[in-house]
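Engineer: Sequential numbering from 710 applies to the sequence shown in the working numbering.
No lab work stands behind these hints, which were simulated from the structure alone.
Watch out, some of these pointers could steer you wrong.
What the hints assert, rightly or not - Here are the simulated distance ranges between beta carbons:
{"no.": "1", "residue 1": "Ser806", "residue 2": "Asp1016", "range": "15 to 25 Å"}
{"no.": "2", "residue 1": "Gln874", "residue 2": "Lys1047", "range": "11 to 21 Å"}
{"no.": "3", "residue 1": "Asp723", "residue 2": "Ser893", "range": "49 to 59 Å"}
As the list claims (entries may be wrong) - List time: in silico DSS-like cross-link candidates among lysine-lysine, alpha-carbon distance up to 27 Å:
{"no.": "4", "residue 1": "Lys921", "residue 2": "Lys755"}
{"no.": "5", "residue 1": "Lys912", "residue 2": "Lys959"}
{"no.": "6", "residue 1": "Lys912", "residue 2": "Lys755"}
Only a predicted model underlies this, so the values are computations on that prediction, with no experimental measurement involved.
Glycine is no exception: its CB is placed at the ideal position from the N, C-alpha and C atoms.
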Amino acid sequence: MIYADYNATTPLSDGAKTWMNQALELWGNPSSSHKHGRKALELLNKAREVVAALLEVHPNEVVFTSGGSEANTLALMGSALEVGKDFRLLTSGVEHSSVKDTVTVIEKLGGTAQYIPVDQDGQISLAVLEEKLQTFQPHLVSLMTANNETGVIFPIPEILELCHQYQCRLHTDAVQGLGKLNPSFYRHADLVSVSAHKIYGPKGIGALIIKKGTPLVATHYGGSQEIKRRGGTENVIGIVGFGGAAAELKNHSPVPSIAEVRDHFESYLGQNLDGMSIQGLKAPRIPNTSNIRFHGIASEVLLGALDLDGISISAGSACSSGSISPSHVLLSMGLSEKEAKECVRFSWGRSSNLGLVEEVAQKVMDHVNRIRARNRAKEVLK
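Work out the full structure: start from the sequences and follow the hints.
Structural biologist: Listed below in structure tokens is the structure:
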């Protein structure tokens, strides 16, 4: 079995497992004042401090959520509720579905959203952003750090500088940036979404980093947990697992080796196979991601063939993998529906190496050539 879908999720690391085993023995409610509760709270706070240290923020700025999607929703809805019905949001057409779908709700509640277009490489124009900041005057800009489908990186430091110049707050979905980019690249944003299961932690836990002084209305009620930003008993085991993964990541920097693996994979394919194109190739990308179109081959056909060979890849975001619609990200980059449905994503991780990606590349080429030959034969028979 070969796993090449690390952008969807990562395996649980030994560090995360070790920390979670500690939490399994502490059944107290961290909001309780007795000894059992205090022990659970102590472990929870330790995890918060480690996650904060990884992100280079203050522990009181870390609000744990059920994952990156909820963190995105809290950032947008919490900002919209704070402003009211005249709320104005500026975002892009390539954001994660949790942002895209939340925008629809905000508009139903009376808010207004505008979109910054991306070019064929999936990149935005800072000049267009500044023009929108001047004319639309949004309360919040929400632009992701790195795209989950293409890996394209938005220039967050420059975006933040422009936003603050025009007295606007910035939220960035850094779920795919955590562990792949230096936190200093995105941590200064007013609101930052992250997730544990993209850095070898457990699923079902994430965080929204809320910079001190950033106004935000809670969207979960029923208690004063998480600095009064998210009511409800904390998922202690998940939070502690996040802490364990963060502690391990702090001492493990696989980015250079993963970049070498990704680049070798793309080069190997490019030298040996015609009729392929890489989305976002000319833009800065996170080091582990390749979104490749194999011309004339439907993505589900290639995915199925590779799956039978024990190779796991995807056709895009795991949150929309059940959809038969073409990727909104790729359509926003100018691909036709047919072209978008010919794209697949390879995303590499800690267990990936040069030999493994060559094996995957060879299997891909075998299947692509076989499927194309079959398609040509069908055309002849027509």
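Engineer: Tell me the numbers of any earlier hints that the structure contravenes, in ascending order.
Structural biologist: Structure breaks hints 2, 3.
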